[in-house]
Amino acid sequence: MERSAFAGDARFFHRTGPHTLAVVAKVAQTEAPPRHLMLHGVAPLQVATAEHVSFLDNRKYADALADTKAGAVIVHPDMVSRVPASAVAIVTDQPYVAWARVAALFFPVPPAVAGVHPSAVVAADAEIDPTAEIGPLAVIGSRAQIGPRCRIGSHAVLGDGVVLGSDCRVGAHASLSHAIVGDRVNVYPGVRIGQEGFGFATTPNGHHLTIPQLGRVILEDDVEVGANSTVDRGSLHDTVIGAGSRLDNLVQIGHNVRMGRGCVIVSQAGISGSTILEDQVMMGGQAGLTGHLHVGRRVRIGAQAGVMADVPAGTEVVGSPAQPVRSFFREVAVLRRLARGSTSAKRNRDKETGPDTDTSTS
Amino acid sequence: MERSAFAGDARFFHRTGPHTLAVVAKVAQTEAPPRHLMLHGVAPLQVATAEHVSFLDNRKYADALADTKAGAVIVHPDMVSRVPASAVAIVTDQPYVAWARVAALFFPVPPAVAGVHPSAVVAADAEIDPTAEIGPLAVIGSRAQIGPRCRIGSHAVLGDGVVLGSDCRVGAHASLSHAIVGDRVNVYPGVRIGQEGFGFATTPNGHHLTIPQLGRVILEDDVEVGANSTVDRGSLHDTVIGAGSRLDNLVQIGHNVRMGRGCVIVSQAGISGSTILEDQVMMGGQAGLTGHLHVGRRVRIGAQAGVMADVPAGTEVVGSPAQPVRSFFREVAVLRRLARGSTSAKRNRDKETGPDTDTSTS
Amino acid sequence: MERSAFAGDARFFHRTGPHTLAVVAKVAQTEAPPRHLMLHGVAPLQVATAEHVSFLDNRKYADALADTKAGAVIVHPDMVSRVPASAVAIVTDQPYVAWARVAALFFPVPPAVAGVHPSAVVAADAEIDPTAEIGPLAVIGSRAQIGPRCRIGSHAVLGDGVVLGSDCRVGAHASLSHAIVGDRVNVYPGVRIGQEGFGFATTPNGHHLTIPQLGRVILEDDVEVGANSTVDRGSLHDTVIGAGSRLDNLVQIGHNVRMGRGCVIVSQAGISGSTILEDQVMMGGQAGLTGHLHVGRRVRIGAQAGVMADVPAGTEVVGSPAQPVRSFFREVAVLRRLARGSTSAKRNRDKETGPDTDTSTS
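Chains as they are written, first to last, in this note's numbering: chain A, 1 to 362; chain B, 363 to 724; chain C, 725 to 1086.
These are calculated hints, taken from the structure and not from any lab test. Every residue, glycine too, gets a C-beta built ideally from N, C-alpha and C. Treat each hint with caution, since some may be false.
[Stated by the list, open to error] Per label pair, the in silico range of CB-to-CB distance: (1) B:Met400 <-> A:Pro111: 51 to 57 Å; (2) C:Pro872 <-> A:Ala309: 19 to 25 Å; (3) C:Ala788 <-> A:His207: 48 to 54 Å; (4) A:Lys60 <-> C:Asp787: 51 to 57 Å.
[To be verified] Straight line, CA to CA, 20 Å or less: simulated EDC-like cross-link-like pairs of lysine to aspartate or glutamate: (5) B:Lys422 <-> A:Asp310; (6) A:Lys26 <-> A:Asp93; (7) C:Lys793 <-> C:Asp781; (8) B:Lys388 <-> B:Asp425; (9) C:Lys784 <-> B:Asp672; (10) B:Lys431 <-> B:Asp419; (11) B:Lys388 <-> B:Asp371; (12) A:Lys60 <-> C:Asp1034; (13) B:Lys388 <-> B:Asp487.
Starting from the given sequences, assemble the full structure and let the hints guide the process.
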C-alpha cells in the first residue's frame, strides 16, 4: 500500500507556487523574516524538507519541531527557541490561523467549472446562475435558485423552491428541501436537510398521528454541515443554523432548533427539537441536548454530555446528566476514592467466590 | 436572511382552504363553537393573526397563549380560561392529536404524480402500479413490486425482489434491498435498509470471516424510518419493525432485531443484533441496547441509557449501565451530596496545589 | 405480512447445492461424520428440518438445540451430548467459523457481472478493469482506477484519482474521494470516504477559518466500512484503516486517525482526529475516543465508553470517563449500596414532599 511522502498528493490535489518566503509571511500576516527562500509546498514537521513550510500548534508535538528539516516553520513566539537553525521561523501569536492561510495559498479550493452536466435533471423554471457548476446526475427542482459560483456535486438533489446564495458547495448525494441557504455555505456529501421532523401525536389507543411539518430550514452564511448529518425542517417555526456555525459528521438537528452564530457541533452530537443555542456554543462529540432547552452564549458542552436543563452563558458542563465540569470531576474523584476504600474487604471475598462478571463490548 | 412570518411558506407548501370554523372543529373531532369564522391557515401562537388557527400543547409555552392574536386556538379544557377574548377556543382532551388533524386539513401530504420519470432505470420485469410515482434517476431492480400510489424519490434504489405495499414513500437517495414493506410506510432520505448485518467469526489467528447474512427486513404497515438511519437485514431470522413504529434520524437497527408495534426510537439510538422489543417501547435519543436482550411492552428507556440486561414490561430505565429511573436519580443525589461534603477540605488543599485539570470538549 | 420459513428466501438469495454431508463437513474443516445425507440449505435451529444444516454458537440458545429438527448441526464438543438423535453433529472447536464457511458454501457472494451500465457516467481517462461491474448511474472520475472483479453499486461516486484494488465492493450511494483502496475492501451503501476533515482555526474575533485538508484515506486490504459511516481524509497525514478492520454502521472516523489491523468498531462509535489504534482493538457501540490518543494492541473499549486518555495494550475499559472494567463495576456497586443506604431516611421525607422528578425520555 503506497503512503504519501508529504501532504497534498498530486494525484488528488492541485498545488500552486512555488512562493517566496516573503509572500508566505505576508499571507500569514506576519513580519517577513530577512531571508530569501523559495517554498514549494507544505508538510508535517516529521517529513518536511528544505522546500516545505510546516507549523507547530499542538505542543504535544513539540519534539518534532526540534528535529524538523522544514525550510520554514510557523510557530508561536514561545516556541521560537526550539526551531532548529536550518529552518526559518515565521512567528505569530496565532500559528494555526496563519497555517490555515498559508496552506490555502498553496492549495486553494478549486473554483466552480461553470455549466450544467448533460446528465443532470434540471427543472425548466429553476434559476441557475451561469457561473454555477451542476454536477453529473444532480436533480434541481422547480423554482429552485442557485447563486453565482455554487458547486453542486454528483447526484445532489435540490427540492422545489430551494434557494442557495453565492459560492455554496453541495456534496455528492446531499439532499436539500424546504431550505433557504445563504452565501459560502458548505454542505458535505450525504447530508439531509429539510426533511420532516420527528413529530407525531399519540392517540389514546397508541396510534402515532403525523404532525405536518410546516417550517423550513435556514442555513445562514458560512455554515458548514458535515457528512451524513441531518437537519430537519421546523414544524411551525423554522430550524435555523446561525452564520459561521460548523457541524461535524453524523450530527442530528431536530425541528425548530435555533442555533446562533459561530457554534461548533462535534461529530455524532444531537440536538432535540425546539432547543435554542446562543452564539459560539461548543458541543463535544456524541453529546446530546433534550428538547425545549435554552443554552447560553459561549457555553461549552463536553463530549458525551447529556444536557436536560437550561445552561447559563459561559458555563462548561459535562456528564450525563450534565453538570458543571468542576463538580463532575469532583464526583468522579469521590467515587474512585470510595471504591478503592471498599476494595480490600472485597478482595478477600473474591478469593472465595470469584471476581466480578465483566460485560461484553458489543 | 429572510424568515417566515408564519408556518407553511407558499414557496414550499401548498395550502388548502380557507375553511370554516365548523369544518375545522369537526376535523378536530370537537364540538363546533357557536361562531362563524373563516380560517385561512395555521401559525404558532406568537405570530398567528385573526385568520389563523393555532394550538397549545406544551404548557411551557402557556404565556404565549394569553398574548396570542390567533382567531382560534386548540386547547385542553384546563387552559380555556387563559384563551384571550379575541380567540375562539377549540376545546379537546387531546389538543396535539386535534392539531395533527387540523394542520393536515390545511396542508395535506401531496399525492403521488403517477408515472415513471424518463431518467429512472427500471428493470423490465419490475411490477409497478400505474398509480405509483417513480422519481428522476431512481433505480428499480428485477422483480421488484411497487404498490398503488407509492412515491419513490430521486435516486432511490430498490434492489431485486423488493416489495412495497400501497401508499409508501421512499425518500431521495434511500436504498432498500432484501426487504418486504407493508402499506403506508415512510422511508426518509438516505435511509439504508437490507444491507448485510455486522456478522463475522474471528479465527484463532485474528482474521475476521464474514457470516453470510441470509435474512430479510420486514417493515410492517405505517412504519417510519428517519433520515440516514440504517436497518440491517437478518442473518438467519428476519429483522422486523412492527406496525406503526417510528424511528427518528441516524438510528441503527442491527440484524435479527424484532421490534413490536408502535415503538418510538429517538435519534441516534442503536439496537444491537437479535434484541427483541415488545410493543410500544420508547427509546430516548442516543440510547443503546446490547444484543440478545428482551425488552418488555411499554418500557421507557431514557436518553443516552446503556441497557445491558433484559427489561421487564412497563419499566422506565435510565443511565449507563441502565437502572430504574428512581434508583438512578437517587444515586445522582447521593453522589452530589458526597462531593459537596468533600469540597471544603479539598478547597484548602487546592490553595496550595492548584485546581483539578479540566478536559477538552472535543 | 409474510415471514420467511427459513433463511435464504429465494426471492433475494441464490442457493447452491444440495451438498453432501461429506462436502459440508470438509468445508467446515472437520472430520466427516460416517453418514450419508444430502443437505439442501441452512436454517436456524428453531425452524430447520431434516434437509437443513444449522449451528449453535451462543449458549444462550442451547435449549433450541435439544428441540431442533435439523438434519445436521455444527456444535462445539461441549454441546455434542445435547444434539438430538435425529441430527448429525458436525463437531468443531470453532463452530461460528465453521458456520461462516458452510453458509458461504450454500450462499456464495454473487460475482461481478462484467461491464459498465450504459447510464453510468465514466471519465474518458478512468481505468476500469474489463472484469469489473459498474452499476446504473455510477459516476467514475478522471484517472480513477478500478481493479479486477470490483462491483460498483448504483449511484456510487468515485472521485478523480481514486484507486481500488481487486474484488472490492462499493455499495449504492457511497462516495469516495482522495482515497487509495486495497483488495477485497467492502464499502457499504451510503458510506462517505475522503471528504474534508473537521479542521478550522478560530480567529480572535470568533470566525472559523478552514484548514485545507491535504491528506488522503488509505483503506488497506479486507477492510469493511458499514452503511452511512464516514471516514474523513487526513489534514497533513493520511487517515489509515488497517488491513482486515471492520467498521459497523454510522461510525465516524476523524482526520489523521491511524487504525491497525483487525480492529472492530461497533455501530455509532466515533474516533476523533489524530488518534492511533494499534492492531485488534475492539470498540463497543456508541463509544467515543477524543483526539490525539494512543490505544494499544488488543484493547477492548466498552459500549458507550468515553475515552479521554491513552489506553495501554491489552486493557479493557468502560464508562465515561473510561476506566478499567473492574474499577468501573466496583464503583457502580459502591454507589448502589450508598443509594440504598440513603433510601429509608429519604422515604420518610417523600411522604411529606413528594417523590423525585423524573426526566423525559426524549
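Against the structure, the hints:
no., hint, result
1, B:Met400 <-> A:Pro111: 51 to 57 Å, "holds (53 Å)"
2, C:Pro872 <-> A:Ala309: 19 to 25 Å, "violated (58 Å)"
3, C:Ala788 <-> A:His207: 48 to 54 Å, "violated (35 Å)"
4, A:Lys60 <-> C:Asp787: 51 to 57 Å, "holds (54 Å)"
5, B:Lys422 <-> A:Asp310, "holds (13 Å)"
6, A:Lys26 <-> A:Asp93, "holds (15 Å)"
7, C:Lys793 <-> C:Asp781, "holds (17 Å)"
8, B:Lys388 <-> B:Asp425, "violated (27 Å)"
9, C:Lys784 <-> B:Asp672, "holds (13 Å)"
10, B:Lys431 <-> B:Asp419, "holds (17 Å)"
11, B:Lys388 <-> B:Asp371, "violated (25 Å)"
12, A:Lys60 <-> C:Asp1034, "holds (13 Å)"
13, B:Lys388 <-> B:Asp487, "violated (46 Å)"
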